[in-house]
Amino acid sequence: MGNAVAIIGTGQTRHGRRTDLCYPDLVREAVTAALDDAGITLEDIDGVVLGTMPSMMEGVSSTHFYFAEAMGSLGKPVLKVETCGSTGQSIGHCGFFWVASGMADIVLVVGSEKMSEGDGQATMTTVFDPFFQRTFAAGAPGVFTMQSMEWMYRFGIPEEKGREAAALISVSNHDNAMDNPHAHIRMRVTMDDVKNARVITYPVRLLDVCPASDGACAVVFASRKAARKIGRKPAWIRGLGFRGEEFFYGESDKAVWMSATEAAGEAYRQAGIRDPLKELDVAEIYNPFTYQEMIFYECFGFCPRGEAPDYVLKGTFRKGGELPCDPSGGTLCTNPIGATGLIRLAEAALQVTGKAGERQVEGAKLALSHAMGGVDQFNGVTIVGSTL
Amino acid sequence: MAKEYRTIRNDVALPYQWALGRTWTRFFDGLKEERILGTKCDRCGKVYVPARSFCPVCFTDLMEWVDVKPRGRLVSWTVVNTSYHGQVKEPPYIVALIRLDGADCDFHHFIDGFNITDAGERKRKLRAGAKVKAVWSPSKNADIRDIAWFAPV
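Residue numbers (our numbering), protein chains in the order written: chain A, 1 to 388; chain B, 1 to 153.
Hints are not guaranteed to be accurate.
Claimed, not checked - Within a straight-line C-alpha distance of at most 27 angstroms, the following computed DSSO-like cross-link-like pairs (lysine-lysine) qualify:
1) A/K319 with A/K278
2) A/K314 with A/K195
3) B/K123 with A/K195
4) B/K133 with B/K69
5) A/K161 with B/K131
6) A/K278 with A/K355
7) A/K195 with A/K161
8) B/K89 with B/K131
9) A/K161 with B/K123
What the hints assert, rightly or not - Chain A regions said to be covered by chain B (calculated; three or more residues, Cβ under 8 angstroms):
10) 140–150
11) 248–261
No lab work stands behind these hints: they were computed from the structure. Where is the CB? At the ideal position from N, CA and C, for every residue including glycine.
One chain only, chain B, in its complex shape (with noise of 0.2 angstroms):
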């Protein structure tokens, strides 16, 4: 058997406080009202959800702000089964990208609101381009988890 070697255990835990900014904390006031903000291109034309303060195709400012419906469309999901460090959610759980109807780019997020865990459900209401809409949390913090989840429809 190989020799072990001594290893010693140590932790770097460092705060931090980091600055919103205008545009974001905007976005999360809006999430607060149960409002999904984005910002639109008067160049391209194109939506950014989560809002921008420019666009980072045409370097522009981005100063008219839109709601987008708080529902889409899935494009891709996982079954997450794994752990790590600082993870805010026991396994299993779902992550997806999402459409939101009137934005031009995917929303990460979470789905949940059936049993994710049995593998036929999940087949049945998970596909690309299946309708599913915003479940907002009771209590809000003006965080991106004041969206619970995204639910099936």
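Excised from the complex, chain A in its bound form (with noise of 0.2 angstroms):
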């Protein structure tokens, strides 16, 4: 895996809709709360990793030249990556890369999006082949609810069992980000709230969908000597896994998902998790739709193929419950899409490190975070702990 790293800081911004700040005054509040958490300035820094949607989601190309002042990267080596959704953990995993290489000491990585000024589903579409597909997509509702009535339909799960454990998912949580001072969506929701919101793409409705958000996130990656001489109590990258497969919808098998169970595999390697639902304490999995969730708890390895409504109706993933997932409200209250990934990186750094608030799981020290990108096409996967 290379040298050890460390993240020593991490910085949000209040995600919402910020008609208050420009684009690149958000990604300055993010890299000035994340200097602060680390107790660094930006003399420290090394140099700077930026990742962002595809320039269509602002209307500005190459958002690492627009953010060159705010993310603190003048006179400094610069990367950008983009991956769409799992842009988050690339870049994670780049701030990481640089580091466990011996050629950085300490690497800011900085992730962000404004969705406010543009149309998510218009540029989500884009992704889209231009020949084929692009046509029929509908955006990421489109694809992520076929994606998941296929997967209802292979394992035979009754539509109203799906029906009653998105719902659960969506009031759980809508709970958690009520504890999370940086959350978008901060409401309490009912079962008949969920099930009684408009449909978007049948059977997901307006509640088991994320909004839209404007927001940044960084993070600060550092070598052991450097965070031994800072000083902060430290969140030790133990293991990392990203994986892609087709680019064409309906070619890869969506509804048991490779990409998404060879990248957990990959970062449980090293890591050395055999049993990830008894030896996590908290994971923070990339959630913009509730249905699609319950996959991914079956690609992670947290309950078997078809089962995870059953997991979730007995409160397996709740707060207080066996494995707590999204304590923040995960992407669901919250998607600012550039850094969506790495704000779930961030919260597991803060959950292994015990400065996670309100919405601390009590004693965490192993943590899962992670995104997925394209159409369903990439997922990345970062587990962090307390201990190296």
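Both chains are sitting in their own frames, so use the hints and assemble them into the complex.
Take a look at the structure:
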């Protein structure tokens, strides 16, 4: 895995509709918070990694130019990485690679999105090929919903049971977001609210779907030597995995989903995890859709294939359950896409360093973070621990 | 009440001229003749539809062209009830994944040809494995909408 790498600071904006700040100022809000958290200044940073969604999202191309000052990169090496929704995990991995290689001691990783400025679903639709599938894409909801239907058909999950479990996931995530001062959507919802909300892509309803958020996240990666010198409590990177699959939707099996399964499998091997449900203390899963969250539980080995609704309904993944998932309220309540996967990693780091405030899972020592990108095409996982 | 700050409206519209290349030109010429063409890998035997120039798994050139049936079975579907910029159809409409007879991957297209807003009708007609067939557009432009939609049989 290369040299040991620690996360020594994280920063997030208040996520939501942020017309009080132009886009670079939004980025700076997260960067400033991360530097403060780590107790360092820009002079300590050896390099900067940035990630966002495709340029169509906000209509400004190659934002590493636009953010040069805001992300503190003047006079420093810069990398821009984008993998759609999985961007946040990709840039986290990039920060890890940079420090683990020994080529840098401290790297600042920044992810951001200002979704109130563009049309998220129109942008997502441009990720599809222009000849065959773009016509039928219907943004993220179109494909994620078809994937969920295929999964329910495959494992014989009755529609009512899937609906009940998905509604409970929505209620739990909304409850959790009440504990998170950074979250975009902070309101309690009931099972009936979810089941009676407007249909977006049948059977998925409004409260099964994430919002479009403005927000940024920054994370400071440090070598063991730098971490020791700075003296902040570190979250150690214990394992990471990233996998991609075929571009055309319908060519690979999304009900079993190789990329999600193997990205987690790779991270588990590195971290020495054999039984994730027992060994992990908390997971921050990229969950923009309630139904899809259940497919991730299965891919990550939290439960057998086709049984996620049973585990959800008995409360396994709720606050106080065997493996609490998304105590932050998750992607379901906050989704500035280019930042989202990094927010998952930042939240995992906060958990294992005991800094997660009201959303802290008591005594958490080992946490999984995750993001998914493109048309169900890429998945990235990072596992952090309180010890190396 | 929170103070409102100014925003400025701006539209970015850029023209593109996308090349279909040899393989996809032939595929769309096929649609114009009401044929759905795939290519078959001589190594793993998989039939790809739409036709591909190379096998994504074996990374070999695909030389063998095959006609697949303009009918197949439903794999998954959803009713789209949300709007976004540039959408080609007014919601609600149904999109689906269809496994065409003779193909080894799923084809993405519309389902129509019955009262799709009737939930009972949908329940009767749309289930995994349900048979569907292509309905061709009367006028064709050698593009994906030469197939108007797939209808339950």
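Each hint tested on the structure:
1. A/K319 with A/K278: With a Cα-Cα distance of about 15 angstroms, the restraint between A/K319 and A/K278 holds, given a limit of 27 angstroms.
2. A/K314 with A/K195: Satisfied, since the Cα-Cα distance of roughly 19 angstroms is no more than 27 angstroms.
3. B/K123 with A/K195: Holds. B/K123 to A/K195 sits at ~18 angstroms (cutoff 27 angstroms).
4. B/K133 with B/K69: holds (9 angstroms)
5. A/K161 with B/K131: Between A/K161 and B/K131 the Cα gap is close to 26 angstroms, so the pair holds against 27 angstroms.
6. A/K278 with A/K355: holds (22 angstroms)
7. A/K195 with A/K161: holds (12 angstroms)
8. B/K89 with B/K131: Measuring from Cα to Cα gives roughly 24 angstroms; hence the hint holds.
9. A/K161 with B/K123: Roughly 16 angstroms separates the two Cα atoms, so the pair holds.
10. 140–150: holds (count 7)
11. 248–261: holds (count 4)
Checked against the numbered hints listed earlier, the structure breaks none of them; every hint is satisfied.
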